[in-house]
Structures are given as C-alpha cells and as structure tokens.
Amino acid sequence: MLGYFGRRLLYVVVTLWAISIAAFVIINLPPGDYVSTLIANAQAGGEGLTPAEIENLRLRYGLDDPIFLQYWRWITAILLHGDFGQSFAWNQPVATLIGERVALSAILSISSLLMVWAIAFPIGIYSAVKQYSWGDYGFSFLGFIGMAVPEFMLALVLMYIGFRYFGASVGGLFSPEFQDAAWNLGKVLDLMGHLWVPILVIGVSGTAGMIRVTRANLLDELYRPYVHTARAKGLPEWKLLLKYPVRMSLSPFFSTVGWLLPGLIGGETIVSVVMSLPTGGPLLLSGVMSQDMYLVGSFIMILSTLTVVGTVVSDLALAWWDPRIRKRYKRE
Amino acid sequence: MFLRRPTKEVGTLPQWRLMWRQFRRHRLAMAGAAILIPVYFVAIFAEFFAPMSSSTANTSMTYAPPQMVRYSGEHGLHVYGYTTERDATTYAQTYTEDPAKVVRVGLFVHGDEYRLLGLIPSDIHLIGPVTKGEPVFLLGSDGNGRDLLSRLIHGARVSLSIGLVGVAASFLLGMLIGGISGYFGGGVDNVVQRVIEFLMAIPTLPLWMALSAALPTDWGPLTRYFAITVLLSLIGWTGLARDVRGRFLSLREEDFVTAARLDGVGRLSIIFRHMIPSFASHIIASLSLAIPAMILGETSLSFLGLGLQAPAVSWGVLLEGAQNVRVVANAPWLLAPGVAVVIVVVAMNFFGDGLRDAADPYGSAGGARRRKPFWRRAGRRASATINMATER
Chain A
1 MLGYFGRRLL YVVVTLWAIS IAAFVIINLP PGDYVSTLIA NAQAGGEGLT
51 PAEIENLRLR YGLDDPIFLQ YWRWITAILL HGDFGQSFAW NQPVATLIGE
101 RVALSAILSI SSLLMVWAIA FPIGIYSAVK QYSWGDYGFS FLGFIGMAVP
151 EFMLALVLMY IGFRYFGASV GGLFSPEFQD AAWNLGKVLD LMGHLWVPIL
201 VIGVSGTAGM IRVTRANLLD ELYRPYVHTA RAKGLPEWKL LLKYPVRMSL
251 SPFFSTVGWL LPGLIGGETI VSVVMSLPTG GPLLLSGVMS QDMYLVGSFI
301 MILSTLTVVG TVVSDLALAW WDPRIRKRYK RE
Chain B
1 MFLRRPTKEV GTLPQWRLMW RQFRRHRLAM AGAAILIPVY FVAIFAEFFA
51 PMSSSTANTS MTYAPPQMVR YSGEHGLHVY GYTTERDATT YAQTYTEDPA
101 KVVRVGLFVH GDEYRLLGLI PSDIHLIGPV TKGEPVFLLG SDGNGRDLLS
151 RLIHGARVSL SIGLVGVAAS FLLGMLIGGI SGYFGGGVDN VVQRVIEFLM
201 AIPTLPLWMA LSAALPTDWG PLTRYFAITV LLSLIGWTGL ARDVRGRFLS
251 LREEDFVTAA RLDGVGRLSI IFRHMIPSFA SHIIASLSLA IPAMILGETS
301 LSFLGLGLQA PAVSWGVLLE GAQNVRVVAN APWLLAPGVA VVIVVVAMNF
351 FGDGLRDAAD PYGSAGGARR RKPFWRRAGR RASATINMAT ER
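These protein sequence lines map, in sequence, to chains A and B. Under this note's numbering, the first sequence has 183 at position 183, and the numbering climbs by one with no breaks. Under this note's numbering, the second sequence has 331 at position 331, and the numbering climbs by one with no breaks.
Careful: at least some of the hints might be erroneous.
[What the hints assert, rightly or not] According to the in silico footprint, chain B covers these stretches of chain A (three or more CB under 8 Å from chain B):
id, stretch
1, 13–19
2, 88–98
3, 107–114
4, 155–161
5, 193–202
[Said to hold, decoys possible] Derived contacts from chain A toward chain B, CB cut-off under 10 Å, selection only:
id, residue
6, L29
7, I78
8, L80
9, H81
10, D83
11, L189
12, Y226
13, V273
14, Q291
15, L306
16, T311
17, D315
18, L316
19, A319
20, K330
None of these hints come from the bench; they were simulated from the model. Just so it is clear, CB atoms sit at the ideal spot from N, CA and C, and this is done for glycine as well.
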C-alpha cells in the first residue's frame, strides 16, 4: 500500500510539472501581453504612453525575455522561495492577493459541503429504502431540477426575490451600514444573513447529484445476501441498515472530501461574480481579462495542485474507510 | 459447451427494434423526447417561428414588459399597446398596457425578410403584428428594445447545436484515443492514461476561462463558436476515452474476437467490424448525457462574457444581459432564456437516461450501476422484499 501511494505521489509530481508548463503556455496564448493591455487602456483613457515608458515597463516585467526564461524565473521563484510572483494589475504579490480571499472562500466551500452532506445523506437513504414511494419520486424530480438549473440562474432568482419582496440587498457580504464598521456582533449576524444565499446556491446542484449517488449506491447494497443474513439473524431493521449497507454506500462522502481543497481558494467563480463576493474566483476572472500573467498562472497552478492533492487525499480517506479498496491498493 | 441455433419460431428482432421497445417503456425518456423534438424543430426553422429577426430593435421600447395575447370578435387576435411614462428624475420608462391601443396580431404574417435554412427567401412569420413594425413583445423586450421571444428562438439554434457538435468532437477524439489505448495496451496505454489524468487534474472552469480569453478577439462569430465547442469537448472526451478503453480491454479477451483473429481477419477489420459495433450504442447513449453538460457550460461561459459574444445570439449571451440584479428586478422576463435552459437540460437528462437504459438490455458487464436509471435499479421483487421488511 505504501508502495502504491509512493507511486501515486511520483505521478502527482510529474502531473504538476506538466500543469505548470500548461498554465504558463495558456497565459501566454493570447496575443499581446499585460503592457499592451495597459497601452490600450491608456489610449482609451485619452492619454498615451511614451515609447520610453513602454520600454521601461516591458523591461521591468521582463516581457521581452524568451518565454522559457520567463517560465524558469517563475517556477524557480515558486519552488525555491514560495514566491508566486507579482500581480501587474494590483501591484501586489499574488500570494497576498489570494491569501486575502482564502478565509471567505474556505467558509463558503466548507459550509456548502456540510450542507450537501447534511441534506443529501438522509434523503438518499430515505429514497433508497422507500424506493418508488411518493417521497422518492418527489425527491428524484427535485434532484433532476436541481442539477439542471445553472448556478448563476439560481443566484439571480434568489437575489431577485430578496430584492423584490424583502427589500434586502442580497449580493455582497454586508449590508451597506456594516460595510466599513468594525467587527461586532451585529456585523457577524449581518454576515450570516448574507452568507446563506451563496451557500444554498452552491450547495443545490451538489446536493442533487449526491442524493442520486447515495441512493444508487445504497440500492446496490440493499439486496445483497449479507443483508438477508443479518436480517435472518434478527438484527433490528434500522441497526442493520446503518451498520452494513449504509456504511458500504458512504464512499461518495469520502471521494468529495478532496474537493474541499481547491474550493478553499477558488470559491465558486460564477456565483461569486453574480453575487459580488470577494472570493478567489472573480480575482482569477479579472486577471484572465487583463492578461495579468503571474496572477493567472500562479492561480491555476495553485488550484491544480490542490485538486491533485485533494484527489490523493480522497483516495487515502476511501482506503481508510473501505477495506475492499484497501485490499485492491495492496494488490497493485 | 454447445450452441443452440435460434430457430425460426422464436423470431428475432434487430438491435434497434429492441432498443426502441425498451426506450418506449421509459416514460420520463418519452416525455423528454416529446419536449425535445418540437424544441429542435423550432430551432431549425427559427426564422419562421420567431416574430422578428434577432437584431430588429425598437429603440424607444427598451425593457417593455410581456404582453398578453387576447382575442375578441371585433379585433381578432390582438395585444394592447403600451402607454409609456418617463420618470422625470430617473428617466426610467414605465409601461402600462393600454386597452385603447389595440395592436392586431396575426398568424402567418409578413415581417422581416429572411432565408429559410439559408436558402428559401421568405418573410412569413408564424406569429407577429399584422402591420410590420408595431410593438408586439410577447415575452417582453431587452435593453435595446429587441423582442426577447424572437431572440430566444434564434438563440436556441446555437445553444442546442453547440452540445451536439461538441459531443461529436468528443466522440471522435474519445473513440480514437480510447481505442488506441485499449487495443494496443502496454506503453501506449500508460502514456494515454497519464495524459488523461493530467487533463482531468486541471480545474475545468479556470481552464475554460483562460483558454477562451486566449481566443483572438477578431475572430468572427462562427469561428468563435467552433473554438468554444472544441473547448467544451476538451472535458468530454477524457471520460469517454476511458470508457472506450475499458470496453476494448474486456472485449479483447472475448471469444468472438479470438475467433475472428484465428480466422485471419485483419486488425482494423476486427476493430471496426466486430468490436466497435458491439459497444457503439452504449457509447452513443452515454454521450447523450454529455450534451446537457455542454449546454450548461456554454451558458455559463457566455454569461461570464467569455463564451460567444454579440452579435451572436445564444441563451448564454441573452442571459448576460440579466447579470445585474437591479436589471432583473426591473425586467424579470429577461430570465426567460434561463427557464428555457432548465427545461431543455431536464428533458435531455431524461432522454439520455432512457437511451442509455435502452442501449443496454442486459444491464450486465459491471455497468448495472451506471447504466440503469437509478429509480429502477433493483427489481420489483427486491422492492417487495424491502416493503415486507419495513412493515415488519
């Protein structure tokens, strides 16, 4: 098993190296670079940049160096100094920019995952045990709808309802009167009052998918001979259910644990854009738009690293939980 | 082991008839098809079904609310025109339907000129104002005074086809690469698998965002459309290639493949004549479930302003106009394209589920988990057991 995960880690390193190249190539794909965006913006604003200024800027950002040299500088800084480079547009280190947004992104993704688990798990079990009941059909129907509604649509509708019927500004994190206030109980309550909408929006499609998976997994287990055996031995129904088939069907929960990691910095881009939440997503979007290359490159790099690591963590958790999977790893 | 020849009296049905039988029993899938077929029909003949062209604008009628179609003996089909008032301080226009202003609406009326399917010149529209240019906004109008219903119908063409084209691209890539990987195995297989893992490791949305920002801005709408399609199919093909590879790996050991090989059938011929037909229907069916995902992807990208861009019309592009909650609060009908997306995606999920179910009448080969629709997973006998168990 150690050998298996040793090999996995090796693959992770190779994958990350490939991703670092891909990320760098992607940010250099668009024609032009940050300075040309700057020039265009300056011209649109009615002021031109002198050729000397342009030359200075290009020199400062090292944009005229060969691309592999730029890559080398970028990747060695990350590896040796943990320095993710400087954002052109914000004139701040990328690490600082992302760091500022980690807390909110983390709150959002952790609480929405908790919501998904808390809702999907009982409903999934109910739907499987009471298969073909009205409740089952109802939840299945809701699940299909939940998976079909684009997140931004749900966000817009909720914001519209809030705006129209409660007169509240649902977007953002704070009501205007708390925006610049110091932290106090009122501000915390205000934050809570705003946070539930994005959590709900982010959680809905995940919940719908999770209900389906839980139900399907449980149905696969529910009619196995070992369940009959346990029943024949006279185990009470609920105890039997929770102890054997439910335990076996829990694996999707462990395979979603790994999603938490990229969620910590990414936040949900689209929902964040619509609801103007200061998570990492909108930062990335604006960086993509203005060709802020180190910001985008490092952002993609960090996200991918967390995704890859998260997958490994999920697999470890699964192996810990499910002896069958552990055994398969041992064989490999 | 002995083989029994199928006798005449038993009767046989070709594969597609069996699939159709199975599919017909799946009520939700039939309901999905009943929604999708007319929707696609409307999309194909969009110019005829839409009251106006997608760019016809009535600039004095921005954000006009939807009108109700009425009928009376005197006027026939008609809608009420608007009286507009402009708020002196905010310059916002408010519309009220004015029963005194009757705008006659007719079926098969002459309106904007177009070429049906790009060929047949015509100016007949299914429904529209009898006098060309009168304000008829059955679903309201947008910020430029364009008829939302017309734009919704025109946008359906792009939104509904992008999934199909994307899936076709995924299909080609997935079949080819997955097939190579599964058939040759060994080192080739290893490399392909690593590449797939690598592609799956990159988070989708940032990748989409970065790549579509990389598209040159001077590309025309058509080029951009195909570029976005290719981007969308980037995620589609990896899963499919894995699926195909798994099938190849298990089929390679099957008796009929061995028999063909011993008969001296060529390698390509084995792949195309014997192996691919035995799992193609399953692949196509499972691909049909990728279409709704692509539609949602296009909608989200365009919504962020990274997908298709005006003057192209798609549901995502239309929804981009509804990005701001204040706009939505003023003109909630701008969310109509979103409702269309939801309906189509639900219908497609139902349809794909039924198709997948029908393509695999045996439900075997380790696919029971993925192929049967989830509400039919365990048989009827099993559900009787659990009922007994819970009643006890």
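> Measuring from the C-beta of L80/A to each C-beta in chain B, is the shortest one below 10 Å?
Replying inline: violated, 24 Å
> Under the criterion of a CB-CB separation shorter than 10 Å, is H81/A in contact with chain B as hinted?
Replying inline: violated, 24 Å
>> Just to be careful: measuring from the Cβ of A319/A to every Cβ in chain B, is the smallest value less than 10 Å?
In response: violated, 18 Å
> With 10 Å as the cut and Cβ atoms as the points, is L316/A at the interface with chain B?
Replying inline: violated, 17 Å
>> Less than 10 Å between beta-carbons is the criterion; does L29/A satisfy it with respect to chain B?
In response: holds, 4 Å
>> Count the residues of the stretch 193–202 of chain A whose Cβ falls closer than 8 Å to any Cβ of chain B, and tell me whether that reaches three.
In response: With 0 residues in contact (Cβ-Cβ under 8 Å with chain B), the coverage given for the stretch 193–202 of chain A is violated.
> Holds or violated: is the Cβ of V273/A closer than 10 Å to a Cβ in chain B?
Replying inline: Holds, because the Cβ-Cβ distance from V273/A to chain B comes to roughly 6 Å (cut-off 10 Å).
>> Quick check on the hint: T311/A CB to chain B CB, less than 10 Å?
In response: Given a least distance of 7 Å, the restraint on T311/A holds.
> Does the stretch 88–98 of chain A contain three or more residues whose Cβ lies closer than 8 Å to a Cβ of chain B?
Replying inline: Violated, because only 0 residues of the stretch 88–98 of chain A bring their Cβ atoms closer than 8 Å to Cβ atoms of chain B.
>> When I compare C-beta atoms, does the stretch 13–19 of chain A have three or more residues closer than 8 Å to chain B?
In response: Coverage by chain B holds for the stretch 13–19 of chain A (4 residues, Cβ < 8 Å).
>> Just to be careful: measuring from the Cβ of I78/A to every Cβ in chain B, is the smallest value less than 10 Å?
In response: Where the cut-off is 10 Å and the nearest Cβ of chain B is about 17 Å from I78/A, the hint is violated.
>> Under 10 Å is the threshold here; is the Cβ of L189/A close enough to any Cβ of chain B for the hint to stand?
In response: violated, 22 Å
In summary, the structure is inconsistent with hints 2, 3, 5, 7, 8, 9, 10, 11, 12, 17, 18, 19 and 20 from the numbered list given earlier, while agreeing with the others.
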